[in-house]
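Got chain A; can you put chain B on it based on the hints?
Protein chains: 2
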Amino acid sequence: MSEQDQHFLNLAIEEAKKGVSEGGIPIGAVLVSKDGKVLGSGHNKRVQQGSTVLHGEMDALENAGRLPGSAYKGATMYTTLSPCDMCSGACLLYGVSRVVLGENETFQGNEQYLQSRGVEVVNLNSADCKKLMADFIAEKPQLWNEDIGI
Amino acid sequence: MSEQDQHFLNLAIEEAKKGVSEGGIPIGAVLVSKDGKVLGSGHNKRVQQGSTVLHGEMDALENAGRLPGSAYKGATMYTTLSPCDMCSGACLLYGVSRVVLGENETFQGNEQYLQSRGVEVVNLNSADCKKLMADFIAEKPQLWNEDIGI
Chain A
1 MSEQDQHFLN LAIEEAKKGV SEGGIPIGAV LVSKDGKVLG SGHNKRVQQG STVLHGEMDA
61 LENAGRLPGS AYKGATMYTT LSPCDMCSGA CLLYGVSRVV LGENETFQGN EQYLQSRGVE
121 VVNLNSADCK KLMADFIAEK PQLWNEDIGI
Chain B
1 MSEQDQHFLN LAIEEAKKGV SEGGIPIGAV LVSKDGKVLG SGHNKRVQQG STVLHGEMDA
61 LENAGRLPGS AYKGATMYTT LSPCDMCSGA CLLYGVSRVV LGENETFQGN EQYLQSRGVE
121 VVNLNSADCK KLMADFIAEK PQLWNEDIGI
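Chains as they are written, first to last, in full-length UniProt numbering: chain A, 1 to 150; chain B, 1 to 150.
Next comes chain A alone, as it looks inside the complex (with noise of 0.2 angstroms):
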């Protein structure tokens, strides 16, 4: 684990936190780009603006606006948690080169296909992150089940 992955995943986590505190659900993402300059952070907004497609990662992707592709390139996405299907593919649509993750404890994307599609994926196997989604869950599994379609 680098420095940097780690202070960028923290802001990741500053983002879930964020969120836990508007009563919402404890994810949270950064984007950051190749020379390690935050484009855009967010968290899931399903709570507070009633949204099925704002994860954190989406809602990273939202609050960097609009860039050219090329913006995109080399970027690396840090999230709290392993990424969904639709979080992944928006990775890959804007040609996210990295993708870190907190944990994939608690919800495991196909990190696979993103590897197959040449994304770099690391996992930082992070207790915080685990203890979040772990404290999130206990308190509301009808919530967390609908943020994921089940």
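The set of hints was computed from the structure by calculation and includes no laboratory data.
Among the hints, erroneous ones may be present.
Same chains, same names: a pair is fine if it fits in one copy or spans any two.
Claimed, not checked - With a Cα cut of at most 20 angstroms, we get these calculated SDA-like pairs of lysine to any residue: (1) LYS140 <-> ARG66; (2) LYS73 <-> ILE148; (3) LYS37 <-> GLY69; (4) LYS73 <-> GLU146; (5) LYS140 <-> LEU67; (6) LYS140 <-> VAL20; (7) LYS73 <-> LEU143; (8) LYS73 <-> GLN142; (9) LYS17 <-> GLY69; (10) LYS140 <-> THR106; (11) LYS34 <-> ASN63; (12) LYS73 <-> ASN145; (13) LYS18 <-> TRP144; (14) LYS73 <-> TRP144; (15) LYS130 <-> GLN142; (16) LYS37 <-> LEU11; (17) LYS34 <-> GLY118; (18) LYS131 <-> ILE148; (19) LYS140 <-> SER70; (20) LYS34 <-> GLU146; (21) LYS131 <-> SER70; (22) LYS73 <-> ILE150; (23) LYS140 <-> GLY65; (24) LYS140 <-> PRO68; (25) LYS140 <-> GLY69; (26) LYS18 <-> SER126; (27) LYS73 <-> ARG98.
Predicted model, so just to flag it, every value in this text is computed and none were measured.
Using the frame of chain A, we list chain B on its own:
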């Protein structure tokens, strides 16, 4: 092609035309439940809202609002254009069972991947859908490239 499929594709085309009338990208979509009820419809909002995540299919999912996972099972996503990785991923997340697309000559998403994950994919090969995109891309090629991350 069933009459029902053509009917709902026509609704998606109407959404795409709304997009044109707003100066936006002419891609529309309609999410229809197993029993033939429109759950949500929408169109690409890149120009109108500066959104990088609201492709037509995503906007339809967003406008359908928060639903239990069961609502998506057996549902069909009608879209005027073959869905990109993001929109395909969103259909997979929610367990949409079928994707009916207007055309895939302008752009071909990863239809094979959808099929490999158990989604039925039907291409209605619509001249209307092709013309909407051809006219748009001739006029605004750069905007189109931005929308598909090029």
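task = Check each numbered hint against the structure and report the violated ones by number, ascending.
result = 9 and 21
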